[in-house]
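**Student:** Okay, here's what each chain looks like letter by letter:
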Amino acid sequence: MKDIDVLNSLRKDILLAAYKSGEGHVPSAFSILELIFGFYKQLHSDRKSLADTVTTDKFVLSKGHGALALYAVLSEFGYFSKDWVENFAQEDSLFGGHPDWLKVPGVEASTGSLGHGIGIAAGMAYAQKIQGNNSKIFCLIGDGELNEGTIWETCLVANHHKLSNFIVLVDQNHSSDRAIKTEPLQEKFRSFGFLTKSINGNNFDEVKAIYADRSEYEAPRAIIAETIKGFGIKEMENNPEWHHKTPDAKTFESFMDQLI
Amino acid sequence: MRKIFSEITDQIIREDEKTVLLLGDIGVFAFRKTIEDFPLRAMNFGIMEQTMISFASGLAKEKFIPIVHTIAPFLVERAYEQLKVDFGYQQLGGNFISVGASNDYSSLGCTHHCPGDVGNLLNIPEMEIITPGTSVEFKTALLERYGNNKPTYFRLSEKENEINNSNVGGKGVKIKNGKLATVIAIGPTLNLVLESTKNYDVEIIYLNHVRPIDHEILINNCKSNKILIIEPFYECTINFLINKIFETRFPIILNLGIERNLMKTYGSSMQIDTLQGFTPKNLRSKLDTLINAK
Numbered sequence: 001m002k003d004i005d006v007l008n009s010l011r012k013d014i015l016l017a018a019y020k021s022g023e024g025h026v027p028s029a030f031s032i033l034e035l036i037f038g039f040y041k042q043l044h045s046d047r048k049s050l051a052d053t054v055t056t057d058k059f060v061l062s063k064g065h066g067a068l069a070l071y072a073v074l075s076e077f078g079y080f081s082k083d084w085v086e087n088f089a090q091e092d093s094l095f096g097g098h099p100d101w102l103k104v105p106g107v108e109a110s111t112g113s114l115g116h117g118i119g120i121a122a123g124m125a126y127a128q129k130i131q132g133n134n135s136k137i138f139c140l141i142g143d144g145e146l147n148e149g150t151i152w153e154t155c156l157v158a159n160h161h162k163l164s165n166f167i168v169l170v171d172q173n174h175s176s177d178r179a180i181k182t183e184p185l186q187e188k189f190r191s192f193g194f195l196t197k198s199i200n201g202n203n204f205d206e207v208k209a210i211y212a213d214r215s216e217y218e219a220p221r222a223i224i225a226e227t228i229k230g231f232g233i234k235e236m237e238n239n240p241e242w243h244h245k246t247p248d249a250k251t252f253e254s255f256m257d258q259l260i
Numbered sequence: 261m262r263k264i265f266s267e268i269t270d271q272i273i274r275e276d277e278k279t280v281l282l283l284g285d286i287g288v289f290a291f292r293k294t295i296e297d298f299p300l301r302a303m304n305f306g307i308m309e310q311t312m313i314s315f316a317s318g319l320a321k322e323k324f325i326p327i328v329h330t331i332a333p334f335l336v337e338r339a340y341e342q343l344k345v346d347f348g349y350q351q352l353g354g355n356f357i358s359v360g361a362s363n364d365y366s367s368l369g370c371t372h373h374c375p376g377d378v379g380n381l382l383n384i385p386e387m388e389i390i391t392p393g394t395s396v397e398f399k400t401a402l403l404e405r406y407g408n409n410k411p412t413y414f415r416l417s418e419k420e421n422e423i424n425n426s427n428v429g430g431k432g433v434k435i436k437n438g439k440l441a442t443v444i445a446i447g448p449t450l451n452l453v454l455e456s457t458k459n460y461d462v463e464i465i466y467l468n469h470v471r472p473i474d475h476e477i478l479i480n481n482c483k484s485n486k487i488l489i490i491e492p493f494y495e496c497t498i499n500f501l502i503n504k505i506f507e508t509r510f511p512i513i514l515n516l517g518i519e520r521n522l523m524k525t526y527g528s529s530m531q532i533d534t535l536q537g538f539t540p541k542n543l544r545s546k547l548d549t550l551i552n553a554k
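Protein chains in written order, with this note's numbering: chain A, 1 to 260; chain B, 261 to 554.
Bound conformation, chain B alone (with noise of 0.2 Å):
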């Protein structure tokens, strides 16, 4: 995703005017040209936070739409209180695009891993969250979101998934009809839902925008009324949404996640997925235990 995140934001630099790209000393290898082709609309910011968002509100204040990148934590948690007020409360509109996901960077330790930022990000009404499965999805979703005058988080991944959603305007997807239960994926988790849910009897949708979230395929599916939530960040970040949607229904409700503790060791990320809990056998099992459910 990195690769096509510099591609299209350098398409985009190049053919609108109006954006302005700020890194946080992260991909200004990669955006060497941009920054030498266009020195006051790409520029290496440096490492502080705070102030790029609160400097990006400003452009945003002034019409420029601004594309912010670096990575999660750094972006999201250093910087939260500057996206809730320079960006939320002031209703501008940019673009945060972060790389890492929930341990991407596995052997760097606890310091670069951020399965919180969505659950932070939901807490900011303003804020648009997309969370691409594949590097397709995300280019769809930044051309057609980028411009849109909100403040849209992107949450880049190492992960990709194997089918591509290119659904547009934000859609879920429904991959598999199925009857006893139903599997929501969450971007770049529907490789680990499919590997998974092979010999089961259960419907799955995919979901790729965490905000704005695909309230009427949800609502028009589930009919099982037994619901997995698959989520490549903290479990039970989204079930605030989806308790909304069926707030008649009462749907028994399970998630699989990346647990909520503090990532101290190192490896791999699928090292670290494994220690979490995130493979096939667990999520088979929390079917097990949601189909058999009374």
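Same shape as in the complex, but just chain A (with noise of 0.2 Å):
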């Protein structure tokens, strides 16, 4: 199947888990679904199987509640059942509308309130340059995340330590615009002593060439992922108003049309 195709059938599973549920952040999951599937499409090359543990590049989202994105993926790569969709946030579910890394297998981090995530994963990269290894974290964080002081507390301690396999994305979809001006991002994490590059995070040739990348880097990596919030749901697009939205019955079926 071409990646457009897997990409396609993901945001249905995202849309039928919302649908079925009535829950769930499904504008902020379509913004980042390629981000997420980039990463475990390269992991999974990069592993001879599952159980590999030498290839250990891990991925933490720090924004949680695009965790319906992070459900799809890991369930398209065989570390749970497509089921999930089934009782999404319900009582008997694994799954809630935040990832819990004690109940979701390949989750790295129980995340939700923001600005937490990226400082486990500077810890945990941190614990790779203490042991010697080549091991990368990967952490996706929100444009509304950037707020947090922490973001920044986080990239000094990054720079500090020259954590060099440190990677933070921002899923750049501009839902903070309304609140709080983060441009002009590559500056902002440069100053902090990032190295940064800007890409089309809903181009998956672009997020490709990311995780592809094998050069060595001397300073953490920032990612501004230019995304559009609800991406392949033209209703959904940059609408403040499907947040925290699902569809009814005629709207789901309208929108899984559109993702033919």
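Honestly, the hints are just simulated from the structure, not real lab data. Note that the Cβ used here is the ideal one computed from N, Cα and C, for glycine as well. Some clues are possibly wrong.
Computed footprint of chain A on chain B, listed as stretches where at least three residues anywhere in the stretch have a Cβ under 8 Å from a Cβ of chain A [said to hold, decoys possible]:
| no. | stretch |
| --- | --- |
| 1 | 294–305 |
| 2 | 343–351 |
One side only, chain A facing chain B, incomplete, derived with CB under 10 Å [said to hold, decoys possible]:
| no. | residue |
| --- | --- |
| 3 | Val60 |
| 4 | Trp101 |
| 5 | Ala109 |
| 6 | Gly112 |
| 7 | Gly117 |
| 8 | Ile118 |
| 9 | Ile120 |
| 10 | Gly123 |
| 11 | Lys129 |
| 12 | Thr150 |
| 13 | His160 |
| 14 | His161 |
Some chain B residues near chain A, calculated using beta-carbon distances under 10 Å [claimed, not checked]:
| no. | residue |
| --- | --- |
| 15 | Glu277 |
| 16 | Thr311 |
| 17 | Ala320 |
Two chains, two separate frames, one set of hints: put the complex together.
**Tutor:** Quick look at the structure:
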């Protein structure tokens, strides 16, 4: 199956889970889907199997409300079955509105409170440094999350300790523009000692290239991924009404048709 | 206790390669040799407590054992959510060692006082809470618990008891038998309790582990069903733990601890204790009321 078809299929899984449960941050999941899928596709092309613990690059979803995208991707790569869509965020489910690493295979950190995951990820990256490992730790944060002071504290720390295995992916879907404007982001991260690059985060070819990059860097990196919140469904794209809204039956059918 | 903290932590860092020391720009001089010898596993993290705790949980996630140290209000109150979520919710092990206790930084004022630390941390069910009464007790507890894969808070204090109770496993100690009431002394309050109760026929039980609390020593004693709890933090902080233990015996419980207001005065720690009513006279008054209660 082509990547574009897999991504469409995953968007359907996300939409179905949200529709069945009446819960979920669908547009946030849609803006970051390529970024998460790209990480695990690269990881599993490097790994021989799920049991391969030699290739240990890790991914932390700091913007935990994008959990639907993480579940869809982890399920695609065999961490658990596709049945997760049946009871997402229900009382008997392992799959909550924010990810819990103690419940969901493949999840690296329990997030939801913004500004925590990045510090956790930096600690994980530092742990690799102590052990002399080459493993990279990727951490996906939201642009709204950039309002949190801990983001910039962590940048100070990452730069101070030269965490060259620490890569921050910023989901720049501009959801924060209505509150605090965060741009220019590359300049901000550069001033904290990061190497930076801007990509179209919904263009899978550009996303793939980030994970395929085997260059050795001397500093932590920030990838500013310009994305569209709700990418793939025209009615949702950049429409704040859909931030934490799920479709009714008629709208669900209409949205599914757009993903064919 | 700070001296023994630097000595024993230095030893732990040297002997256990899974440990990492993170200092919130406090105690750095005392650890200068540790930092020099182990630059990757002992560091001055800087003044960013929330990130220091999240970072420590990332280390714990990767099987390291973090030892985090700074002043109590910044460690517990500023970074409370990180302790709750990154360690409590994620069920990761780590050691959080504070200085300042309730009012050890008496001359520095309200911002450096922290009588609410234990009460706040009791709201994180996974968090162990140790309030040593002496340096030796702290050393015993740290060596016993630092690698137990649980989040553990050690509350260091400038006040030290004259009697060491290096009880292992978090066990309480019966200091004295007595009939008329039971006085439960927590951590560094034992001197005050012993001084205040010399002429009283009361039982004294000493605890330096708030959680896990020694259920057994309490349920097997306290036969008078009259209990006075002496707490070095906000008064009535541990009452819900005591009430659970005695939920079928309905004891009369009185408390003496730090009053629940923000301390806005300066001076010595003893002067603040006096202002707070943390005195032998006040303790005896509470005890008289308790003993005479019907």
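**Student:** Can you verify the interface hint for glutamate 277/B: is its Cβ closer than 10 Å to any Cβ in chain A?
**Tutor:** For glutamate 277/B, the interface hint holds, since the closest Cβ of chain A sits about 9 Å away, which is under 10 Å.
**Student:** Grab the minimum C-beta distance from lysine 129/A to chain B and call the hint holds if it beats 10 Å, violated otherwise.
**Tutor:** 7 Å, holds
**Student:** Does the CB of threonine 311/B sit less than 10 Å away from some CB of chain A?
**Tutor:** 4 Å, holds
**Student:** With a cut-off of 10 Å on the beta carbons, see whether threonine 150/A makes it to chain B.
**Tutor:** 5 Å, holds
**Student:** Per the CB criterion, is alanine 320/B less than 10 Å away from chain A?
**Tutor:** At 8 Å from the nearest chain A Cβ, alanine 320/B passes the 10 Å test, so the hint holds.
**Student:** The hint names histidine 160/A as touching chain B; please verify it with the least Cβ-Cβ distance against 10 Å.
**Tutor:** 8 Å, holds
**Student:** Let's test the interface hint: is any C-beta of chain B closer than 10 Å to that of glycine 112/A?
**Tutor:** Where the cut-off is 10 Å and the nearest Cβ of chain B is about 8 Å from glycine 112/A, the hint holds.
**Student:** With chain B as the partner, please determine if glycine 117/A meets the hint condition of a C-beta pair closer than 10 Å.
**Tutor:** Given a least distance of 8 Å, the restraint on glycine 117/A holds.
**Student:** Do the numbers back the hint for isoleucine 118/A, that is, is its least Cβ distance to chain B under 10 Å?
**Tutor:** Since the shortest Cβ distance to chain B is 8 Å, the answer is holds.
**Student:** Closer than 8 Å Cβ to Cβ for three or more residues is the test here. Does the stretch 294–305 of chain B pass it with chain A?
**Tutor:** holds (count 3)
**Student:** Closer than 10 Å between Cβ atoms is the bar; does histidine 161/A clear it against chain B? Give me holds or violated.
**Tutor:** Where the cut-off is 10 Å and the nearest Cβ of chain B is about 8 Å from histidine 161/A, the hint holds.
**Student:** Given alanine 109/A was flagged as interface, is its beta-carbon under 10 Å from a beta-carbon of chain B?
**Tutor:** 7 Å, holds
Violated hints for the displayed structure: none, as all numbered hints are satisfied.
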